Amino acid sequence: MLTGNERVMVQGITGKYGRFHTEKMLNYGTKILCGTSKNLSEKNVHGVPVFESVKECVEKYGVDTSIVFVPAPYAKEAVMESLQNGIKKIVIITEHIPVHDTLEFVNYAKQVGATIVGPNCPGVIVPGKIKLGIMPEKYFKQGSVAIISRSGTLMYEIASFVSRAKGISVAIGLGGDPIIGTNMHEAFKFLMGRGINEVVVIGEIGPAFEVDGIRRAIDDGFNGKITAFFAGRYAPKGKRMGHAGAIVEGETGTVQYKEMVLEKIGVIISKTPSQIAEVIEKW
Amino acid sequence: MKLHEFVGKKLLSERGISVPKSVLVRSSEDILKLKSDIEKLGFPQVLKSQVLVGGRMKKGGIAFSESFEETLSLSEYLFKKPISGELPFGILIEEMIEHEKEWYFSISINPIEREIMFIFSEMGGIDIEKVAKESPEKIIKGTERDINKLPSTFSDVAEKLFKIFKKYDLTLLEINPFTPDKMTALDAVVHIDDNALFRQKWAQEFAEKKKPYHFVKLDGNIGVIGCGAGIVMATMDLIKSLGCKPADFLDIGGGASKEVTISALEEVKKLSPVAIALNIFGGITKGDEVAKAIVEFHKNNDLPLFVRITGTNEDEARRILEEHSINVYEDMERLCKEVVNYAKEVKAC
Numbered sequence: 010m011l012t013g014n015e016r017v018m019v020q021g022i023t024g025k026y027g028r029f030h031t032e033k034m035l036n037y038g039t040k041i042l043c044g045t046s047k048n049l050s051e052k053n054v055h056g057v058p059v060f061e062s063v064k065e066c067v068e069k070y071g072v073d074t075s076i077v078f079v080p081a082p083y084a085k086e087a088v089m090e091s092l093q094n095g096i097k098k099i100v101i102i103t104e105h106i107p108v109h110d111t112l113e114f115v116n117y118a119k120q121v122g123a124t125i126v127g128p129n130c131p132g133v134i135v136p137g138k139i140k141l142g143i144m145p146e147k148y149f150k151q152g153s154v155a156i157i158s159r160s161g162t163l164m165y166e167i168a169s170f171v172s173r174a175k176g177i178s179v180a181i182g183l184g185g186d187p188i189i190g191t192n193m194h195e196a197f198k199f200l201m202g203r204g205i206n207e208v209v210v211i212g213e214i215g216p217a218f219e220v221d222g223i224r225r226a227i228d229d230g231f232n233g234k235i236t237a238f239f240a241g242r243y244a245p246k247g248k249r250m251g252h253a254g255a256i257v258e259g260e261t262g263t264v265q266y267k268e269m270v271l272e273k274i275g276v277i278i279s280k281t282p283s284q285i286a287e288v289i290e291k292w
Numbered sequence: 603m604k605l606h607e608f609v610g611k612k613l614l615s616e617r618g619i620s621v622p623k624s625v626l627v628r629s630s631e632d633i634l635k636l637k638s639d640i641e642k643l644g645f646p647q648v649l650k651s652q653v654l655v656g657g658r659m660k661k662g663g664i665a666f667s668e669s670f671e672e673t674l675s676l677s678e679y680l681f682k683k684p685i686s687g688e689l690p691f692g693i694l695i696e697e698m699i700e701h702e703k704e705w706y707f708s709i710s711i712n713p714i715e716r717e718i719m720f721i722f723s724e725m726g727g728i729d730i731e732k733v734a735k736e737s738p739e740k741i742i743k744g745t746e747r748d749i750n751k752l753p754s755t756f757s758d759v760a761e762k763l764f765k766i767f768k769k770y771d772l773t774l775l776e777i778n779p780f781t782p783d784k785m786t787a788l789d790a791v792v793h794i795d796d797n798a799l800f801r802q803k804w805a806q807e808f809a810e811k812k813k814p815y816h817f818v819k820l821d822g823n824i825g826v827i828g829c830g831a832g833i834v835m836a837t838m839d840l841i842k843s844l845g846c847k848p849a850d851f852l853d854i855g856g857g858a859s860k861e862v863t864i865s866a867l868e869e870v871k872k873l874s875p876v877a878i879a880l881n882i883f884g885g886i887t888k889g890d891e892v893a894k895a896i897v898e899f900h901k902n903n904d905l906p907l908f909v910r911i912t913g914t915n916e917d918e919a920r921r922i923l924e925e926h927s928i929n930v931y932e933d934m935e936r937l938c939k940e941v942v943n944y945a946k947e948v949k950a951c
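Here the protein sequences come in this chain order: A and B.
For what it's worth, our numbering labels the leading residue of the first sequence as 10, then goes sequentially.
For what it's worth, our numbering labels the leading residue of the second sequence as 603, then goes sequentially.
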């Protein structure tokens, strides 16, 4: 997924969040070469040149990766523009994108062989190498354990425990929307390609993404160690808990069900963040 | 967002799907005023409570009337009858469609397959869930490319329904029952994507006013506020595992302002909790601003507050809170233990 050599473009660089996080990512060492915006009154943001189109960015700077902060109503257009101009890795931070739009660009990305992470996600960080996201980097110290999470702030919370215990090789925030570009299974494929075999999975109530993804990863031959932590054990049925995807509908959406199934296939269940630290310290 | 049956049926009929003739009434005065239209539907006629909860038939939300007088009296009863705690928006009075066969058809977005998919059964009706459980072979599932697996008489309707689903940004379109006898949709459950309301102007009038935070009332007595859905759920879970019950789920989101924090505290206060636990953990949340909001709320309320706060300017935030003797902790597990201990001390859980 990320090697640290990505040539990065920020879509929506002149907005409040785009601007703020561009600076943070630059400070981290991420190679941001240009940005796009429909607001052309600014020629550069934190020294990064701003263009109207992705095409100009690609032609002038050879960017291959994008991080998207474009507001939801225009996000599909921005992502499609990137895909049509050959961008192969896209992280979408934007929240509240209509799900039909997400379906469209996720399926198009599949056709053109591009990888999307998100939407509505904190992004991806390879500690010490590259940060393509909005996570507070101080909680992500370099080490051996991978984190895959549906939730944003909960990922930060747990990252601080993992960092203290063993350190992090990569943390991938998949996003809390019902449709996401990279699912649990695809995230595991990436870890397997890198030879990472210690994984913390952070899940929540809602469609059994985690169960499906972990099961498929094991079928693919993943034989590393996994511990999983789930939020929403006591969430009432039928109520949406913040995330569009977080709703218990029927048995398979409950934390209890997910834990039961995963335990059977060898996943260690952690019930608190500090338990995760205890588990991984023994690995 | 769930939409009422009458809204869903209007969408269907505008796009060429047959639905029963109907009149929507919101009061007894409406019924008197629309007498001739109602009589034109013929008798017997069907009275359907417009509520958003499911299983309305089994909960007494549907009645049959033989005369105009009966329609008037039954409606008066239905207007006042809550279905699973929900009073109806109105009553949809419909012509009776005599039929024998009932099919089930729905379209939704499958998050695992990442596709728009349909579910169909020739054994529709109020027991569809039982059918799905006990005779799964009676259920057909597929994408738009699989419409040819459906009865050929239905393919035209199915295609139209897929068009409606996409055009109106729906997340669920369920017709149960659809009767093949008259090729008519007898019910319609329609959910629209909240995130698409900006371009679905017709649905905006049904939208509730959006609050700056996401709030769900629960049945316990320890208030919970946090930033991020995952972390709020994890906080609720910890409180529960320590033996007390959360009063709510309230996510103020990332980068919450002073105003949002205060209004969130006011919202939770309405539930009369024994104490409120705030789990503020964020990269972009300005800790000192949230701390000032908490102090301001604390000045006017003697409700015990337990705060965990990290993020930008966290040292300043802690200093502000401690100065006003508000309990502040560095991690979430400690926060939950302390608030639970307090609730137990005062015998509130």
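Since the hints were derived computationally from the structure, they do not count as laboratory data.
Where hints are given, some of them may not hold.
What the hints assert, rightly or not - Below 16 Å or equal to it, Euclidean Cα-Cα: the simulated EDC-like pairs (lysine to aspartate or glutamate) are: (1) A:K246 <-> B:E898; (2) B:K642 <-> B:E688; (3) B:K765 <-> A:E260; (4) A:K119 <-> B:D821; (5) A:K119 <-> B:E717; (6) B:K768 <-> A:E113; (7) B:K732 <-> A:E260; (8) B:K769 <-> A:E260.
What the hints assert, rightly or not - With the C-beta cut set under 10 Å, the calculated list includes, among others, these residues of chain A facing chain B: (9) E68; (10) K69; (11) E86; (12) Q120; (13) T124; (14) S160; (15) I274; (16) G275.
What the hints assert, rightly or not - Far from chain A, some chain B residues (derived; all Cβ distances over 12 Å): (17) M725; (18) D904; (19) A950.
Bear in mind that the values here come from a model prediction, so they are computed numbers and not experimental data.
No residue lacks a Cβ here, since even glycine has one placed at the ideal position from N, Cα and C.
Restraint satisfaction for A:K69 [CB to CB of chain B, less than 10 Å]: violated (30 Å)
Agreement of hint A:Q120 with chain B interface, Cβ distance less than 10 Å: violated (13 Å)
For B:K642 and B:E688, compute the direct alpha-carbon distance and say whether it is at most 16 Å. Roughly 30 Å separates the two Cα atoms, so the pair is violated.
With a cut-off of 16 Å on the C-alpha distance, tell me whether A:K119 and B:E717 pass. holds (12 Å)
Holds or violated: is there a CB of chain B closer than 10 Å to the CB of A:I274? Since the shortest Cβ distance to chain B is 17 Å, the answer is violated.
Assertion that B:D904 lies farther than 12 Å from chain A (Cβ): holds (28 Å)
Please check whether the beta-carbon of B:M725 is more than 12 Å away from every beta-carbon in chain A. About 19 Å separates B:M725 from the closest Cβ of chain A, which puts it past 12 Å; holds.
Quick check on A:G275 please, does its C-beta sit within 10 Å of some C-beta on chain B? The hint is violated - A:G275 has no Cβ within 10 Å of chain B, the shortest such distance being about 21 Å.
Interface hint for A:E68, Cβ within 10 Å of any Cβ on chain B: violated (32 Å)
Pair hint B:K769 and A:E260, alpha-carbon separation not exceeding 16 Å: Measuring from Cα to Cα gives roughly 31 Å; hence the hint is violated.
Can you confirm whether the C-alpha distance between B:K768 and A:E113 stays at or below 16 Å? holds (11 Å)
Is the shortest C-beta separation between A:S160 and chain B less than 10 Å? holds (3 Å)
Violated hints, listed in ascending order, are 1, 2, 3, 4, 8, 9, 10, 11, 12, 13, 15, 16; each of the other numbered hints is respected by the structure.
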